[in-house]
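If you read the protein sequences in the order shown, they are chains U and S.
Residues in the first sequence are numbered consecutively from 0, following numbering that gives the first Met the number 0.
Residues in the second sequence are numbered consecutively from 0, following numbering that gives the first Met the number 0.
Hints are computed from structural coordinates only; laboratory data are not their basis.
Hints are not guaranteed to be accurate.
These stretches of chain U come out as covered by chain S in the derived footprint (C-beta under 8 Å, 3 or more residues) [unchecked claim]:
| no. | segment |
| --- | --- |
| 1 | 10-16 |
| 2 | 39-49 |
| 3 | 103-114 |
Below are the SDA-like pairs computed for lysine to any residue, each with C-alpha atoms no more than 20 Å apart in a straight line [what the hints assert, rightly or not]:
| no. | chain 1 | residue 1 | chain 2 | residue 2 |
| --- | --- | --- | --- | --- |
| 4 | U | K19 | S | L74 |
| 5 | S | K9 | U | P108 |
| 6 | U | K106 | S | G112 |
| 7 | U | K19 | S | E17 |
| 8 | U | K106 | S | E17 |
| 9 | U | K106 | S | D14 |
| 10 | U | K106 | S | K9 |
| 11 | U | K106 | S | L113 |
| 12 | U | K19 | S | G69 |
| 13 | U | K19 | S | I7 |
| 14 | U | K106 | S | T18 |
| 15 | S | K132 | S | R42 |
| 16 | U | K115 | S | T18 |
| 17 | U | K106 | S | L109 |
| 18 | U | K19 | S | S77 |
| 19 | U | K106 | S | I7 |
| 20 | U | K106 | S | L47 |
| 21 | U | K106 | S | L72 |
| 22 | U | K19 | S | E76 |
| 23 | U | K19 | S | N70 |
| 24 | U | K106 | S | E102 |
From the three backbone atoms N, C-alpha and C, an ideal C-beta is built for every residue, glycine too.
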Amino acid sequence: MSINVLLVDDSRSMRSVIRKTVQISGIDVGEFYEASTGTEALEMLRDNWVDLILSDVHMPEMNGLELLRTLKEDDILKSIPVVMITTEGRDDRVNEAFRVGAAGYLKKPFTPEQIKEKLVEILGEQNVRAPAGDLEGCDF
Amino acid sequence: MSGRLQEILKDVTSDILETMFFVVPEPWSSQDTQGEDLRFDIRGVVSLGGSTPLWLNLFVPMAMARRLAGNFLGLEESRPDADSLLDTSREMLNMIAGNLVTELEAESGLELGLPEVSFFQRTVPRAYMGEHKHVFILVEDEYLMLSFTREGS
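The following block holds chain U by itself, in its conformation from the complex (with noise of 0.2 Å):
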């Protein structure tokens, strides 16, 4: 079964490689919605259904927190699982996270392997095909 995924990043840069990881992580995805800020992720998420939202934290207009906790307040869309991926690995950052409903936290720098570890936790193996390679050392 596919799923769509909706990126939340400033960084196009950083949409586009996340885009690759998860592509090669094996995780079966049907469409891929990108936001810039969360006000746009919100925008998005009016017309389009997503299985999972990955969002950074630092972000102008809306950061990754307040769409987290916006999210959370809304009856329809406080189901989806939202990863935080930032570069920030404070403690009282990743509690803050977890407190407001994060489904997860991954740190950048990060690598294919531990990308796909985490989806699997959240999605389960049904959603994860084998990959094409050894993910071991493969790039973006």
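Starting from the known structure of chain U, arrange chain S on it as the hints suggest.
Then chain S, alone, in the frame of chain U:
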């Protein structure tokens, strides 16, 4: 810049360059501090907050910026455009600063801001490499430079 801060900055930058940009920083010697001035084409800056506001600066030469953007984006033949060069450099600075703040957690009070980057095109004297105010990372015959500035300095 204290020796410990220099080491942390070198370590987090090297880890990011290897993991996300697929280049391996090399050691450089004191002989490298002599010769022509070093030219940089992209400059980035990010606020780290703190009681006395502190900024982290990144300086990248054009050829290195192209190589890093190409590797990051997985471009095999095509050259990255100007937007990609700036966006990739900004993301690199974001990762360096975020990981630095994480490493300095205990003594922190630091608050990561949003990085800004622009084309810069200036040279700095090679003698800077012998000082402790800057960190230089050698990648395939070119140097990337990092430095801190404090409000009022």
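These are the hints, each one checked on the structure:
1. Proximity of the segment 10-16 of chain U to chain S, defined as three or more residues with a beta carbon under 8 Å from a beta carbon of that chain, is established by the 6 residues found.
2. Counting residues of the segment 39-49 of chain U whose CB falls under 8 Å from any CB of chain S gives 0; the rule of at least 3 is not met.
3. With 5 residues carrying a beta carbon less than 8 Å from a beta carbon of chain S, the segment 103-114 of chain U meets the three-residue requirement, and the given coverage holds.
4. Restraint check: the Cα-Cα separation between U/K19 and S/L74 comes to about 12 Å, which is no more than 20 Å; the hinted pair holds.
5. For the hint linking S/K9 to U/P108, the alpha-carbon distance of about 15 Å falls within 20 Å, and the restraint holds.
6. For a cut-off of 20 Å, the pair hint linking U/K106 to S/G112 stands: about 17 Å separates their Cα positions.
7. As the CA atoms of U/K19 and S/E17 are separated by approximately 18 Å, the hinted pair is consistent with the 20 Å bound.
8. About 15 Å separates the Cα atoms of U/K106 and S/E17, which keeps this hinted pair within 20 Å; it holds.
9. For a cut-off of 20 Å, the pair hint linking U/K106 to S/D14 stands: about 13 Å separates their Cα positions.
10. Proposed proximity of U/K106 and S/K9 is supported: the alpha carbons are some 18 Å apart, at most 20 Å.
11. Restraint check for U/K106 and S/L113: satisfied, since their Cα atoms lie roughly 17 Å apart, inside the 20 Å limit.
12. Of the supplied pair hints, the one linking U/K19 and S/G69 holds, its CA atoms being roughly 14 Å apart against a limit of 20 Å.
13. Restraint check: the Cα-Cα separation between U/K19 and S/I7 comes to about 30 Å, which exceeds 20 Å; the hinted pair is violated.
14. With a CA separation close to 12 Å, the supplied pair U/K106 and S/T18 stays within the 20 Å bound.
15. Of the supplied pair hints, the one linking S/K132 and S/R42 holds, its CA atoms being roughly 17 Å apart against a limit of 20 Å.
16. Distance restraint check for U/K115 and S/T18: the Cα-Cα separation of roughly 16 Å lies within the 20 Å cut-off, and the hinted pair is therefore satisfied.
17. A C-alpha spacing of about 18 Å is found between U/K106 and S/L109, which places the hinted pair at or below 20 Å, so the restraint holds.
18. Of the pairs offered as hints, the one joining U/K19 and S/S77 holds, with about 17 Å between alpha carbons and a cut-off of 20 Å not exceeded.
19. Distance restraint check for U/K106 and S/I7: the Cα-Cα separation of roughly 17 Å lies within the 20 Å cut-off, and the hinted pair is therefore satisfied.
20. About 18 Å separates the Cα atoms of U/K106 and S/L47, which keeps this hinted pair within 20 Å; it holds.
21. Annotation: proposed proximity of U/K106 to S/L72 holds, straight-line Cα distance about 19 Å (limit 20 Å).
22. Pair hint U/K19 plus S/E76 holds up; C-alpha atoms about 17 Å apart against a cutoff of 20 Å.
23. Under the criterion of a C-alpha separation no larger than 20 Å, the hint pairing U/K19 with S/N70 is consistent with the structure, at around 13 Å.
24. Straight-line distance between C-alpha atoms of U/K106 and S/E102 comes to about 13 Å, which keeps the hinted pair within the 20 Å bound.
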